[in-house]
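Chains as they are written, first to last, in this note's numbering: chain A, 52 to 320; chain B, 2 to 102.
Hint data in this document are derived by calculation from the structure and do not stem from the laboratory.
Treat the numbers as computed from the prediction; the structure is a model and nothing was measured.
Do not take every clue at face value.
Computed Cβ-Cβ distance ranges for the label pairs, DEER-style [unchecked claim]:
1. Asp-72(B) with Phe-188(A): 35 to 43 Å
2. Met-62(B) with Gly-291(A): 44 to 52 Å
3. Asn-312(A) with Met-62(B): 35 to 43 Å
4. Lys-93(B) with Ser-179(A): 29 to 37 Å
5. Asn-266(A) with Thr-49(B): 37 to 45 Å
6. Asp-44(B) with Ser-274(A): 37 to 45 Å
7. Asp-44(B) with Leu-251(A): 17 to 25 Å
8. Lys-295(A) with Lys-25(B): 18 to 26 Å
9. Lys-58(B) with Asn-273(A): 47 to 55 Å
10. Ser-274(A) with Phe-54(B): 48 to 56 Å
11. Ala-133(A) with Lys-81(B): 43 to 51 Å
12. Asn-312(A) with Asp-72(B): 43 to 51 Å
13. Asn-152(A) with Thr-64(B): 19 to 27 Å
14. Asp-302(A) with Met-62(B): 28 to 36 Å
Backbone N, C-alpha and C fix where the C-beta goes; we use that ideal spot for every residue, glycine too.
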Amino acid sequence: MTRGAILFAFNSPKFDYYSMAEYAAKRINHFLDMPVTLVTDEQSTLSSTGYKFDKVIKVEPNLDNKRDGVPWINKGRCQAYALSPYDETLLLDVDYVVNSNRLLKTFETSVDFACHDNTAYFMQPKLSQEVLSTYSFKTLWATVIAFRKTERAKQIFECLEMVQNNYAHYSNIHSFISAVYRNDYALTLALRIANGHTYLPGDIIPWNLLHVGKNTTVYKDNSNMLDTEYTILFDNWQKGKIRKEYIKVKDIDFHIMNKENFVELMKNG
Amino acid sequence: MDTKTLLADAKARFSHNSAKQYLKEKYDSKLTIAEQGGLWKADRETITLLGSFDSDKLVVMDTFNNPVEVDRKDLLSKLKAVYEETMSAWLKEWAELEGKR
Numbered sequence: 052m053t054r055g056a057i058l059f060a061f062n063s064p065k066f067d068y069y070s071m072a073e074y075a076a077k078r079i080n081h082f083l084d085m086p087v088t089l090v091t092d093e094q095s096t097l098s099s100t101g102y103k104f105d106k107v108i109k110v111e112p113n114l115d116n117k118r119d120g121v122p123w124i125n126k127g128r129c130q131a132y133a134l135s136p137y138d139e140t141l142l143l144d145v146d147y148v149v150n151s152n153r154l155l156k157t158f159e160t161s162v163d164f165a166c167h168d169n170t171a172y173f174m175q176p177k178l179s180q181e182v183l184s185t186y187s188f189k190t191l192w193a194t195v196i197a198f199r200k201t202e203r204a205k206q207i208f209e210c211l212e213m214v215q216n217n218y219a220h221y222s223n224i225h226s227f228i229s230a231v232y233r234n235d236y237a238l239t240l241a242l243r244i245a246n247g248h249t250y251l252p253g254d255i256i257p258w259n260l261l262h263v264g265k266n267t268t269v270y271k272d273n274s275n276m277l278d279t280e281y282t283i284l285f286d287n288w289q290k291g292k293i294r295k296e297y298i299k300v301k302d303i304d305f306h307i308m309n310k311e312n313f314v315e316l317m318k319n320g
Numbered sequence: 002m003d004t005k006t007l008l009a010d011a012k013a014r015f016s017h018n019s020a021k022q023y024l025k026e027k028y029d030s031k032l033t034i035a036e037q038g039g040l041w042k043a044d045r046e047t048i049t050l051l052g053s054f055d056s057d058k059l060v061v062m063d064t065f066n067n068p069v070e071v072d073r074k075d076l077l078s079k080l081k082a083v084y085e086e087t088m089s090a091w092l093k094e095w096a097e098l099e100g101k102r
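Given these sequences and hints, build the entire structure.
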């Protein structure tokens, strides 16, 4: 039985996703003791600093998707099942910061497939869960997906591809904006469809996905790359004034939504 | 700039509520384990339920709301061990955080 992680990284004019993937892979190697396969394109590999991935799979990037006026190459996650060389795979966003071995538990708690359906934000406990639209489903998150090479997992990824190819149609049905393709939305619909339009709790990772959200910045407490202690600083706006608040965290995984913050974190070790 | 200086310059305050929430996120997940074909949370309710029976086998609803027949003593012993270990670590980190602020 082989186990490993797969990352997708395609550089954009704004961000060097390849370097982010190298940073993420080093942490996965260390904390999860897993090899990492990277799916990327020829151009992005020019950013390599020499880190050796277990495998590098080069594909043609799908340039259809744009965010803030620049290409955002996030289509193609549906290929993860076909491209993964492992029996058990963790599919992670490159801006997910692994600081513990907690993700190994996902293979104990699920059979074929698992993702997050609940999120929590550092410093902002009252934020509500995201929904596709007012009358649609709660969003599932494609940030962390664990799957095994089983027929059912294959069907889920095939369904994800089908939703991706018909994204405008599904956006009409579920009343969300289709201009920017989001894997989270496609996954939400694909998993439901693959499960016969039902909700299977066994497909859900039994803890929250932790986001670093708006007005929140993560700082590393020292420059050791594999250190797991951070300071989280939050601009709490109250009555037109900012009140700065902070906490200290350690040994906990989180997803940084603000890419600039992630880049700063990489620079500081 | 080190984070100590950064916090001092920003006149940032330690947030008790956010620290509590972070610890809950971190340690709640550690209380969940997969055992005997079910998924269990080592919480007060499950431990008390398992401890209140005498039989060797017991049918219990797991966190997915599936009934699972379990070896009661074995599951109880594992959940108690997870509970003790997790809660001790939780308390230790909470005390550290309170000390650092």
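Failing hints, ascending? none
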